[in-house]
Amino acid sequence: MKFHGRDIISIEDFSREEITYILNTSKTMEAVASKGSDMLKGKILATLFFEPSTRTRLSFEAAMLKLGGSVIGFAEAEIASVKKGENLADTVRTVENYADVIALRHPLDGAAKLAAELAKVPIVNGGSGSEEHPTQALIDLYTVQKEKGKIDGLKVALVGDLRYGRTVHSLAYALSLYDIELHLISPETLRMRREVLRAIQNKIAVTEDSNLEKVIPKIDVLYVTRIQKERFPDLAEYAKVKGTYKIDLKTVAAAKKDLTILHPLPRVDEIAPEVDSTPQARYFQQVYNGVVVRMALLALVLGAVR
Amino acid sequence: MKFHGRDIISIEDFSREEITYILNTSKTMEAVASKGSDMLKGKILATLFFEPSTRTRLSFEAAMLKLGGSVIGFAEAEIASVKKGENLADTVRTVENYADVIALRHPLDGAAKLAAELAKVPIVNGGSGSEEHPTQALIDLYTVQKEKGKIDGLKVALVGDLRYGRTVHSLAYALSLYDIELHLISPETLRMRREVLRAIQNKIAVTEDSNLEKVIPKIDVLYVTRIQKERFPDLAEYAKVKGTYKIDLKTVAAAKKDLTILHPLPRVDEIAPEVDSTPQARYFQQVYNGVVVRMALLALVLGAVR
Amino acid sequence: MKFHGRDIISIEDFSREEITYILNTSKTMEAVASKGSDMLKGKILATLFFEPSTRTRLSFEAAMLKLGGSVIGFAEAEIASVKKGENLADTVRTVENYADVIALRHPLDGAAKLAAELAKVPIVNGGSGSEEHPTQALIDLYTVQKEKGKIDGLKVALVGDLRYGRTVHSLAYALSLYDIELHLISPETLRMRREVLRAIQNKIAVTEDSNLEKVIPKIDVLYVTRIQKERFPDLAEYAKVKGTYKIDLKTVAAAKKDLTILHPLPRVDEIAPEVDSTPQARYFQQVYNGVVVRMALLALVLGAVR
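Chains as they are written, first to last, in the numbering used here: chain A, 1 to 306; chain B, 1 to 306; chain C, 1 to 306.
Simulated from the structure, these hints should not be mistaken for laboratory data. Among the clues, some could well be false.
Copies of one chain are not kept apart here, so a pair can be met inside one copy or by any two copies together.
Here are the simulated DSS-like pairs of lysine-lysine, each with C-alpha atoms no more than 25 Å apart in a straight line [said to hold, decoys possible]: (1) 214 <-> 35; (2) 41 <-> 27; (3) 27 <-> 120; (4) 246 <-> 35; (5) 2 <-> 27; (6) 146 <-> 120; (7) 150 <-> 229; (8) 35 <-> 120; (9) 146 <-> 203; (10) 113 <-> 41; (11) 2 <-> 214; (12) 240 <-> 27; (13) 155 <-> 250; (14) 120 <-> 240; (15) 35 <-> 240; (16) 155 <-> 214; (17) 203 <-> 250; (18) 203 <-> 150.
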């Protein structure tokens, strides 16, 4: 397995064996995270966020700093050279001269892939268009593994916007590498994209439904997503479906005692605050896991862990 | 006295003994500031500024870096997840997974307090609403102590906007722990808030007036504040009072030779530039003191100094 | 030669001997850049960008980090205290308390000079108004020296906006210290400023023309600039001249085999992407050189290299 110099663009680029290796490396990073390290001393991460995402950006930055590296970057396209009409290709070919690794977030599908083709340094896709968010999928797998001690054999429900939410596309692909039962719960208009569905149906058992109540008693992991206003081409469509699913204490009561509730965050009102203090709520632990998984990825692509 | 793990929310949470300890620790930080240190190596400060304040943010960041730590954060709410509808509670419960301490600036009263109740890591209030700015009050005390060799026995005038300016609220409380004579000079509409006034009147001698000329000859410390346009609910009110007090060379000439002029900055035109080169003007030294006081606070709440 | 504590404001402040020293120091920084260094450990660079320039800002930041220092700052005036009406003088007298060196970018002519007069710490001009961009000129000289093994004896063409582009003003002055033949190619309305022209005409051979084809076969270095929309007082004027010169494979074919094409970047469409993969295109190497030249400048003004 070779990670040194590799780009992290799509979860589909990784075999189950490679994912296992990343998850195991992430586990070793928990100790490093609490002590600090000089593993990446002298290395620079550039966070190029053409679309704001405080959470993802700060997570990458914390990961780099905890490994002893440093960070440069920008937090939104408005303050970048794109204002002057520069294209992504030139930005990447410029910034690779400043940094040893680039974490890229971009509103357009394919942006991370294009960047990876051009750049001499590794590109880590921090979310591009509505297609891919591979590091989030790895964080989700890591969290499931940590909470349940395994991934195989679980029943998982993905709930909410399965059409525009890039997180669930990457996660569905990732889960299809395991022996799981997958339940896709969404309004009719926000069904999982057909190309994703087709790709995973060959590999695992998948059901689609609008009704969460039906599946809630039998699942082990409930993965909730925000219905993202900013991804809707038509706001009238957004108004119709927002607030469709709201996880509250009644949902929790109807589920298995050891249900694990995850959410990539930020949330708006899909999960009631009353749920936060239940043992089932693991979405803030998921945030912590985000740092160690990104530490693992940065250490791997920069060759500090082999 | 226990500072390790403690939040710095309101100046009212600190006894005079504790403040003395902070001021003494700040003094030891002057040597550390000039040499640099690894005291907080491996620690991360998150600066969450939901309201822009370059000065305060850079001061916190410089303090952290001079102690060998590192910094992540954002400089205005526009680029933060709040755009996606996230609430402060979730932001705090997320960022505490990235950082060892959080400096928070927020436009709403009570924001820092709420954050402190939720967070596992220490919260340092970098200014919240129009109520509190505890680190600025500590910087002001440190500066007075350094300039005058003492705080007890002094005559201090606070001038300008005493109603909306959070700095003067925290400072008035802090000064009331000492044996001082306090003169509050402001337009009628910008009088010190009644609840602050009542709280300090029990402890120290306080006068209120609109006329600065009357008190200028007898005071030791003149604390000038900006009339902050952004805090006025009504711009017509702002227009009426802006420029009411303007400190110039005539003001200086009418005062004691060893008057100390302070200002939390930024200023607009409350102090004429001609005053800057007088020995009385100490507001840029006050800026330097801001770094060492914040170094002390970060080192204390992170347990590096005990 | 004394660089410790010195401001880098205008290329005109430097003798040819001093420039040679900076270029030689830059060369030694190439090894430092790839290994990393603790040369500026404990030192802080403040990047005060009152005008956005991702490229220049990140280049300065990478330079500082590669020397082991750290960075604070802001990326645009919108989020700085200027919003509160603060003037540049107060910002500088504040930030000098936070940082050991300041890199300043400002839309107004003379801003860097004013800052340098006020500040106790060295100011490095990262571009001010339409007049000066001294670090870019040093990078350009360094790149020519590296590509050609010499500067004396070359034929150089500056193409595009020679009136509003600050880069070419600084570069023309710098080149006039060498024994070169300079060709200024621009539309009539974007001719090189008369004061710059007069200053360099005394020292070197200069021609002015609107026609690039005529000079292309004889030149050694082709320096292309963007026609900067944001510098035009009148957008109708901009519309008339944009796209006047477009360097493509035909241009390259008409030139000497060993032509060196440079561009300060970002570009819009002055150089066709097809040119990027020719050996003549050296503008991305120029970006890399930017980091080592800025490392040299930071190390010199902070006294780490003498």
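Checked hints:
1. For the identical chains of this complex, residue 214 and residue 35 are neighbours neither inside a copy (45 Å) nor across copies (59 Å), given an alpha-carbon limit of 25 Å.
2. Proximity of residue 41 and residue 27 under a CA criterion of 25 Å is satisfied in both settings, with 21 Å inside one chain copy and 23 Å between copies.
3. Taking the shortest Cα distances, residue 27 and residue 120 sit within 25 Å of each other only across copies (22 Å), while inside one copy they are farther apart (29 Å).
4. For a Cα distance limit of 25 Å, the shortest separation of residue 246 from residue 35 qualifies neither inside one copy, at 39 Å, nor across copies, at 53 Å.
5. Taking the closest pair of Cα atoms, residue 2 and residue 27 come within 25 Å of each other only inside a single copy of the chain (19 Å); across copies the shortest separation is 34 Å, beyond that limit.
6. With identical chains, the CA atoms of residue 146 and residue 120 are at most 25 Å apart between copies only, with a shortest distance of 22 Å across copies and 34 Å within one.
7. For the identical chains of this complex, residue 150 and residue 229 are neighbours neither inside a copy (34 Å) nor across copies (57 Å), given an alpha-carbon limit of 25 Å.
8. In this homomeric assembly, residue 35 and residue 120 come within 25 Å of each other (Cα to Cα) only across copies, at 17 Å, whereas the closest approach inside a single copy is 31 Å.
9. Taking the closest pair of Cα atoms, residue 146 and residue 203 come within 25 Å of each other only inside a single copy of the chain (24 Å); across copies the shortest separation is 56 Å, beyond that limit.
10. For the identical chains of this complex, residue 113 and residue 41 are neighbours neither inside a copy (28 Å) nor across copies (36 Å), given an alpha-carbon limit of 25 Å.
11. Taking CA atoms no more than 25 Å apart as the test, residue 2 paired with residue 214 passes in neither setting, with 44 Å inside one copy and 53 Å between copies.
12. Taking the shortest Cα distances, residue 240 and residue 27 never come within 25 Å of each other, neither inside one copy (42 Å) nor across copies (60 Å).
13. Proximity of residue 155 and residue 250 under a CA criterion of 25 Å is satisfied intra-copy only: 20 Å inside one chain copy versus 62 Å between copies.
14. In this assembly of identical chains, residue 120 and residue 240 lie within 25 Å of each other by CA distance neither inside one copy nor across copies; the values are 45 Å within and 38 Å between.
15. For a Cα distance limit of 25 Å, the shortest separation of residue 35 from residue 240 qualifies neither inside one copy, at 48 Å, nor across copies, at 56 Å.
16. Within a single copy, residue 155 and residue 214 get their C-alpha atoms as close as 13 Å, which meets the 25 Å cut-off; across copies the closest is 73 Å, which misses it.
17. When the C-alpha separation of residue 203 and residue 250 is checked against a cutoff of 25 Å, the pair qualifies neither within a copy, at 33 Å, nor between copies, at 53 Å.
18. Within a single copy, residue 203 and residue 150 get their C-alpha atoms as close as 18 Å, which meets the 25 Å cut-off; across copies the closest is 63 Å, which misses it.
Figure legend: structure checked against the earlier numbered hints; hints not met, in rising order: 1, 4, 7, 10, 11, 12, 14, 15 and 17.
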